[in-house]
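**Q** Relying on the hints, combine the two individually framed chains into one complex.
What follows is the residue order along each chain.
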Amino acid sequence: MSDDLKAVEVTDGGVIADVRPPPGSKPPTDELRRAAESRGNRTLYGDAWYRLRRNKLALGALAWLILLVLAAVSADLWVPQHFGKPNAIDTALIGTSRLLPPSPTHPLGTDDLGRDMFARVIYGARISLTVGALAVLVAVLIGILLGALSGFYTGWLDALIMRFADVFLAFPYILFAILLLSVLPEESRASIVPVVLTIGVLGWPSIARVFRSSILSVKENDYVDAGRALGASDGRLIIRHILPNAIAPILVYATMSIGGAILTEAALSFLGLGIIPDPVRSPNAVSWGRMIDDGRMYLTSNAGIVLWPGIAILTTVLAFTLLGDGVRDALDVKMRD
Amino acid sequence: MADHLLTVDDLKMYFHTRDGVVKAVDGVSYTLDKDETLGVVGESGSGKSVTALTLMGLIQMPPGRVEGGDATFKGRSLITMKEEDLRAIRGNEISMIFQDPMTSLNPVYRIGHQIGESVRIHRGASKAEARARAVELLGLVGIPHPEKRVDDYPHQFSGGMRQRAMIAMALACDPDILIADEPTTALDVTIQAQILELMQEVQRRTRSAIIMITHDLGVIADIADRVLVMYAGKPAEYGTLDEVFSEPLHPYTWGLMDSIPRAGMSEKSALCPIKGQPPSLVHVPSGCTFHPRCPYAKDVCRVKVPPFREVKGSHGASCHFAGQPDFVRGCSLDLEPEAV
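Which chain is which? The protein sequence lines are A and B, in order.
Per the numbering used here: the first sequence = residues 103 to 439.
Per the numbering used here: the second sequence = residues 34 to 373.
Calculated directly from the structure, the hints in this document are not laboratory data.
One thing to keep in mind: the hints can contain errors.
As the list claims (entries may be wrong) - Derived DSS-like pairs (lysine-lysine); straight-line CA-CA distance at most 30 Å: (1) B:Lys181 / B:Lys115; (2) B:Lys331 / A:Lys321; (3) B:Lys67 / B:Lys107; (4) A:Lys321 / B:Lys56; (5) B:Lys107 / B:Lys337; (6) A:Lys321 / B:Lys115; (7) B:Lys181 / B:Lys107; (8) B:Lys45 / B:Lys331; (9) B:Lys45 / B:Lys67; (10) B:Lys331 / B:Lys56; (11) B:Lys337 / B:Lys56; (12) B:Lys160 / A:Lys321.
What the hints assert, rightly or not - According to the in silico footprint, chain A covers these stretches of chain B (three or more CB under 8 Å from chain A): (13) 119-131; (14) 148-156.
Said to hold, decoys possible - Covered stretches of chain A, going by a simulated chain B footprint (3 or more residues, C-beta under 8 Å): (15) 177-183; (16) 320-326; (17) 375-383.
In this text, a Cβ means the ideal position worked out from N, Cα and C, and glycines have one as well.
Okay, chain B solo, but in the shape it has when bound (with noise of 0.2 Å):
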């Protein structure tokens, strides 16, 4: 195995609460290397994020417990990793973007305060070399005038401008890593496309690795070469941005794809969006999490769980059926899901 930036292997994080153990990643492996992006999809609740935050370290445990796998950055577990070796990666080479950019940022500190908090700690950097830091870092994500607003306080910030200071500030040590969890939700629209630009404009000139966390497949289409969609805590499908969109193996990602509307839609072909809800995670379904949603569910499903399977080099899926060529996507409008 050649060696990659980071590892994931069959990486599982559970949580044990009262009403039982919640299985929020349950065997979730990737690799991600220098100058690449992986966009990680999926519903709310599928994991996403807990992955993240594992690698991170920012899980509380307890409730938190890796059951099982490994994360390796630069040839280290970040999983057996001591707080303290966790807390000096943390903000220096692999830091992260938060969703919601309007309560990130500490609202009694001046944003170029915070965006030198990292420089700070990490490098030992005098309160003028991390102020300078701040304002380079301010120019360099778009702020016009940084030099002025480096003494800005975050409600002087709009939102966009805001998710732009959380980024210079996820910047300022130059990661490797740079972790991005929804970065884009809570902000509108144009705004997102100028984030979303800015971010790959940022990996252009750094050259980090990029881990994109989203609901939203458009925003995995414009940025990630790599996907791995996940549903409830598993690995649904796995491969090259081109692999996962031109031919998708799972059902589920069908129905991802065909949840979203295009322009020039006929009105006869009416969206075939997923139907019910993601399951809970603490009775999750028996067999293929997915089976009571799933439209081509067999009796396969329901009793055994799929294993992740590649089907073409490294693109694979959680799906007994994936890949078999009359296994083909269909809407699922047209399929009733069998009463559960």
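In isolation and in its complexed conformation, chain A is listed as follows (with noise of 0.2 Å):
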């Protein structure tokens, strides 16, 4: 098709409008054609995705978590070969000093067992993401199953289950999952499950309220009556008409609680109650915030230990709040141009 007719649309009642730049306008560029035509047919989260792609905050924080998730996830096929073990000790420090600084073959050092920190840092991403974003899942679902029923069926449902959740965010949150933790067996506690649990069941109440009042202003809107008057059910009504208009604000929210939810892991292993490294089960666990208390009594004399994994929580909970606020920014709607 040529330009020419691209540029004339028809409208309103067949009327041809013409809607080519005026004579002597300049010519459209290549690259804002590209972009014009890129923005063509676009979908609410197809325009979302194209002004996210302009926030370079946003941008940069996701390609950090990319590098992340794609080093955690790679992690088996080169880390051991180069660095050795997360949690195996170097054999060849044995009977010496086993606390190196930076070298070639430990280029972030070693702790006060010998182990290599890049090693670590590197296994401990995937404690952190896995543990953050499980644990978020987990406080999506429920949030959003319950924020739902109490958003469209206003009435006692809705008080059951709000009152419900007040009485969770009542809880003292990091006590309560102390406890939680701290009676386990300890040998449950080999795998990510039981921090999971308790960090999503510990989070669902803010996500169901924030689910909640997008549903409420929602299901106000005229199409979702015109929905019902097509004969659709309440179901089709919550999960094809209103689910995803309300859909945007979790996303926002659920992207930056992952950050919250990998700072709540690395305290609990702070204080000893995360993951516990089983030689069978999970021989390479490691958990940045175990990292942190291992290095605390060498602070003043060997801070790499601590600075390290301190610094892997701070990028990663930085990078997962910004690219929320990107996400918030292009979904909102009222920014569309």
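**A** Next comes the structure, spelled out in structure tokens:
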């Protein structure tokens, strides 16, 4: 199709309107035209992605997180070969000083037991990211279900769910997590399941509240009534008409919550309540919080042991927050241009 | 009584609010047959929309409650029907066109998806069948290049096109009754005329009955076969288009007609608008609800509620004096309504 044809749009009633630029105006550059075409038949989320790509800070955060995920996923393929296993002591160091400064073999040095810090930071990303993502997933699943029921069926069900959420929110979060995890037998803590469930279950009330308020505003829209007038059932209305329009705040909140969940995991691990490496079931389990705990004796002499996992936690949590911010800006309908 | 497609009989829908009982619909009756258009006209808050929404079962209950009367569609009561059965009728046998096309389409779905939704719900059509039906309907409502526009999102449509899409949505299952709730109010005048024309054209093809809700007498004159004038939840006047327009019986109908500017009006013959505001439905005036604004009100109007009376054939009004030979229409500006 020629460009001239493309520039002519049919408006209402079949009247042909000429939307070509007035003569004398600058012809659109290739870049502009490509941008216009790529935004042609855009969806809400296609549009959001378009805007997110223009947010350098969020894009940087996303790149950092992708890098981290790739490193964590592929760790078994390259880390042990070059730097040693995260929980294995470098046998060459036995009998000598174990706290080594950074060197080509140990880029971030070794810790007090002679374990490679770089390997530990990379393997630590596995636990942190998995726990963060899964815990938020648990919270989002519970929160969306209860929030949707609460927002759609106002009345006694709403009151019941929201009071239940209030009770949960009144729980001292960290203390309750400590309590829960400390009564579990040690062997069950070799897996991430207890930590994930604890953080997830404690996190649902905020998600439910955000989603409920989102549902409350979306369900007032005429298209929900129109859907009902088409004969759609309650379930269809919630899932097909309300949910896709109400999910944006949850997307933002969940992205930011992953950072929070990582922090909680680190705090619990620091207190000795996180994942305990089991020689058989989880030989490579490392937690950034646990690393900081291990290193706190050497804070004055060998700050690196605390510093590296600390930087890892800080950059990861910051990246999730920045990404969440970017997602929020990208999804903000008021900013649609 | 002959079997009508839809018979609404003394329907009463009240809302129980903290401030008291709002009688949004209070004793409305009418019948509707195939191929016929009923125009429901009245000011904002006169109960036009609530009447229609009650038929569709789209009123939240509570606070709403049907306090009396019935609505019979093809011999079945829409009022006592189970929600499940009502859902099978909605969008299938009775469908609705909403007032504001800008907000009545879901922004995250393609136009075609939304038009095809009801055939997927009611007829179990596949995605491809629903899409084909959507293309066909978009063509029917006059959207150019329907096979291309079917994949557009609502924000890519103009207001008039969206209303056309809404009409296509309502038509998807060949409904027997099409309820149009002020379908042209949100559109500009030239598009209004196109949409009304389209609805008439659609009716010629599908022979469905239309309930046209509007506050615009011009729209009624264009499209309706019969007219129901509503005031404060009650029927003020009911009759054929001819009857109501050539021999209006109710002072409220007179007032509505005298409020319309006409071409060629001299400066002297000023408009005669109805004075005052519609009453709050929580504190309805005693007697005839229109008496505080009626320039012809007499003592009896303040005390006694005028029942709906048929004056000539089915043409009737809720006014004590309707049809009396000496009760004639005059410009309401000449007569000051009594202080309330």
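**Q** Three residues minimum, CB to CB under 8 Å: does the stretch 148-156 of chain B make the cut for coverage by chain A? Let me know.
**A** holds (count 4)
**Q** Under a C-beta cut-off of less than 8 Å, do 3 or more residues of the stretch 177-183 of chain A approach chain B closely enough to confirm the stated coverage?
**A** Violated: only 0 residues of the stretch 177-183 of chain A have a Cβ under 8 Å from chain B.
**Q** Closer than 8 Å, Cβ to Cβ, for at least three residues: run that test on the stretch 375-383 of chain A against chain B and report holds or violated.
**A** Three-residue rule not met by the stretch 375-383 of chain A, so violated; n is 0.
**Q** Given the proposed pairing of lysine 331 (chain B) with lysine 56 (chain B), does the C-alpha separation stay at or below 30 Å?
**A** Holds. Lysine 331 (chain B) to lysine 56 (chain B) sits at ~24 Å (cutoff 30 Å).
**Q** If you look at each residue in the stretch 119-131 of chain B, do at least three have a Cβ nearer than 8 Å to any Cβ of chain A?
**A** As far as the stretch 119-131 of chain B goes, the hint holds, because 9 residues have Cβ atoms under 8 Å from chain A.
**Q** Check the hint pairing lysine 160 (chain B) with lysine 321 (chain A) against an upper bound of 30 Å on the C-alpha distance.
**A** holds (25 Å)
**Q** Has the given pair, lysine 107 (chain B) with lysine 337 (chain B), been kept, meaning a C-alpha gap of at most 30 Å?
**A** Judged against 30 Å, a Cα distance of about 36 Å means the pair is violated.
**Q** Check whether the Cα positions of lysine 45 (chain B) and lysine 67 (chain B) lie no farther apart than 30 Å.
**A** With Cα atoms ~24 Å apart, lysine 45 (chain B) and lysine 67 (chain B) stay inside 30 Å; holds.
**Q** Verify the proposed pairing of lysine 45 (chain B) with lysine 331 (chain B), using a straight-line Cα cut of 30 Å.
**A** Between lysine 45 (chain B) and lysine 331 (chain B) the Cα gap is close to 27 Å, so the pair holds against 30 Å.
**Q** Does the alpha-carbon distance linking lysine 321 (chain A) and lysine 115 (chain B) stay inside the 30 Å limit?
**A** holds (23 Å)
**Q** Is the straight-line distance between the alpha-carbon of lysine 181 (chain B) and that of lysine 107 (chain B) 30 Å or less?
**A** violated (38 Å)
**Q** Are the Cα positions of lysine 331 (chain B) and lysine 321 (chain A) separated by 30 Å at most?
**A** violated (48 Å)
Violation of the numbered hints given earlier is confined to hints 1, 2, 5, 7, 15 and 17; the remaining hints are satisfied by the structure.
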